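Asks: Residue strings, one per chain:
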Amino acid sequence: MPNMTPVHLDAGTEAKIQEIGHAEILVGIPSFNNADTIGHVVRAVAGGLAKYFPNTRAVLVNSDGGSTDGTPEIVARASVDLGAMLISERQHLLYRIITPYHGIPGKGSAFRTIFEVARRLNVKACAVVDSDLRSITPEWVELLILPTLNEGYDYVAPYYLRHKYDGTITNSIVYPLTRALYGMQIRQPIGGDFGFSGKLAAHYADKHVWESDVARFGIDVWMTTEAVANGARVCQSFLGAKIHNPKDPAADLSAMLTQVVGAIFASMEAHENMWPSIRGSNPVPLFGFQYEVGVEPVNVNVERMITSFRQGLTDLRPIWEVMLAAETLQALLSAEHLPAQSFHIPDEVWAKTVYDCAAAFHHSVLNREHLIKAMTPLYLGRTASFVVETQGLTTKESEDRIEKLGRVFEQVKPYLAERWGAVKEVRQ
Amino acid sequence: MKEFLDTAVLEPLETVATRIVHFLPNLVASFIILAVGWPLAWAMGRGVERGLRMLGVDRLADRIGLNALLTRGGLKPDPSHLVGRALHWALLALTAVGALGALNLAPINQLAAQFLGYIPHLITALVILIAGIFLSNFVARATLITAVNANFKPATTAAGLARWGILLVAFAMALEQLGIARNIVVVGFGITFGGVVLALALAFGLGATNLAKDYLERQFGKHEGRTKDDLTHL
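The listed protein sequences correspond, in order, to chains P and G.
Quick note: the first sequence, position 383, residue 383 per the working numbering, numbers continuous.
Positions in the second sequence are counted from 1; adding 1000 to them yields the working numbering.
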């Protein structure tokens, strides 16, 4: 559906776009109070563009949400020592557009402005990178841009090495669910750093989703599913370790979960003619030189997560009875009294739990925001189960466990189709 | 003596008998209205419910999101049943008014007229109550989920307080609309609400010192002594 409200760009940005006229590459950086890290990100991007695309007209766009810590000023000032990178000459200047974004505060709204600038400049290839990255190198720019520019791919998803307990929403919900739904093994569907064609950027900008969760944390998974569902050629690029500033500690887990899972479930509705017929999944081409890397340790409080799950079983049971199938709830109840060291929610039970929630969302058996927020203790229970199960395992072994979970999601997919199609009788 | 009997006993008896004879048809008419109206109201309610079901109104309500709205408000998502029951009770009320009117007694006629004039207030009060029930269910559920996600132990108590607080307000507003003891309602509500707030303040201050301390520490970033948790979810 075409977007009804045009993207508002301020006069300065419009003037800058007029001045630049046309570019081949655009790298976007969304930001909000990232003064600590954004200088490094800008230098890495500038270095990468100078080193790998020296003869190409490139633009760096910083879409800022009203930072008060001087983030835009740092973006404007940051410069990279090309000599130290053994780059003798850069043929074209790197243009910089530093612009505020409008709309609902969030990463998605920032991206919307970046998509619009990409469209106005008629770029061939784009990349977006997070502004809180500490591990970004100039090579990331090459790996995110080159598959689109030279190999004809439309969408480049990142492939990182992460600690086994880093990105647990990705590992337990987003990866296995998108893999089973769309039949593509995209390991980091909400990685945050992507490459895509200018054509796809224009497609994103035209969509009327900017008043929903997509405007916030839902943007990453929406971009991935939108690309896959529209038949884009998708690949992955190995970027090494992803080390970034911890998310705002005040950020509410259930709000994050609502935005990400809400965006996935909404995409399921938007593409419900496509995903039910897909069986199994296929690997997605992976570019880049793969290597082992040490990742930062992650402390986990399993007891706290199990306590949340148990409180959910006690207090939220009437709500879970509406959301979940009776057999699924029964299976979850059997984990209630397990001691912490042997706490376990089996893969199949978890897959059915997620599928039940998706079907409940589809049939609106509850207010949708309430429904996804009520998933929080379930998610924490499953995360605790994963942590208990993978304690002492290497990153590779833990990764195998996540792959196994992905296969279970695929095997149980007929259950989703059945639940999705059935109108559930709501128990009062 | 005969004259006395005629005046003191027979005449009043004759008057009463005449009145009864005149009143009897009204009474019979009233009974007939009740006898016909009551089952008719029941049958009409059931008939409309079945008719709506056969016409697929429930499916339509599901498609346009009305069922979801009812569910969100904590009501059974069965619009056919709800319409049938509403019609049943409305017809029953009209039957009662009609039956009373048929008696053709001045005080009752006056009462029936007052009742008819009261109906708009009754409907407004009903709408306030229904909206209150919707809102209280919605807010109670939101409170419960938020409290559980925040690991707040008395989550169900918090949700119950939210529910009953809103119901109390709705009930007070409905009573005020009905004009029932306005001052008592306002004063009663004020005392109850003030009492609840005071009780909560005392409970939080005396009984939940640790919770308050924990909350303030979290607000001001003092996490010493807490088990560290670096889990990143995205």
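FYI, nobody ran anything at the bench for these hints, they're computed from the structure.
Just so we're clear, the structure is a prediction, and the values are computed from it rather than from any experiment.
In this text, a Cβ means the ideal position worked out from N, Cα and C, and glycines have one as well.
Honestly, I wouldn't trust all of these hints.
As the list claims (entries may be wrong) - Capping the alpha-carbon separation at 20 Å, the derived lysine to any residue pairs in SDA-like fashion look like this:
| # | chain 1 | residue 1 | chain 2 | residue 2 |
| --- | --- | --- | --- | --- |
| 1 | G | K1076 | P | H362 |
| 2 | G | K1153 | P | E336 |
| 3 | G | K1076 | G | I1133 |
| 4 | G | K1153 | P | L313 |
| 5 | G | K1076 | P | K404 |
| 6 | G | K1153 | P | K396 |
| 7 | G | K1153 | P | A15 |
| 8 | G | K1153 | P | Q311 |
| 9 | G | K1153 | P | E303 |
| 10 | P | K124 | P | P283 |
| 11 | G | K1153 | P | P346 |
| 12 | G | K1153 | P | N301 |
| 13 | G | K1076 | P | S364 |
| 14 | G | K1153 | P | L253 |
| 15 | P | K404 | P | P346 |
| 16 | G | K1076 | P | K396 |
| 17 | G | K1153 | P | P414 |
| 18 | G | K1076 | G | L1167 |
| 19 | P | K396 | P | N299 |
| 20 | P | K199 | P | V234 |
| 21 | G | K1153 | P | D252 |
| 22 | G | K1076 | P | N273 |
| 23 | P | K199 | P | P283 |
| 24 | G | K1076 | G | G1101 |
| 25 | G | K1153 | P | T314 |
| 26 | P | K124 | P | N33 |
| 27 | G | K1076 | P | H370 |
| 28 | P | K404 | P | W420 |
| 29 | P | K396 | P | L313 |
As the list claims (entries may be wrong) - Covered stretches of chain G (in silico footprint by chain P; criterion: 3 or more residues with CB under 8 Å from a CB of chain P, positions within the stretch not fixed):
| # | segment |
| --- | --- |
| 30 | 1135-1146 |
| 31 | 1152-1159 |
As the list claims (entries may be wrong) - Over the 10 Å line for every Cβ pair with chain P, so calculated as not near, a few chain G residues:
| # | residue |
| --- | --- |
| 32 | V1009 |
| 33 | L1116 |
| 34 | Y1118 |
| 35 | V1187 |
Asks: Check each numbered hint against the structure and report the violated ones by number, ascending.
Replies: 5, 6, 7, 10, 11, 16, 17, 22, 23, 24, 26, 28, 29
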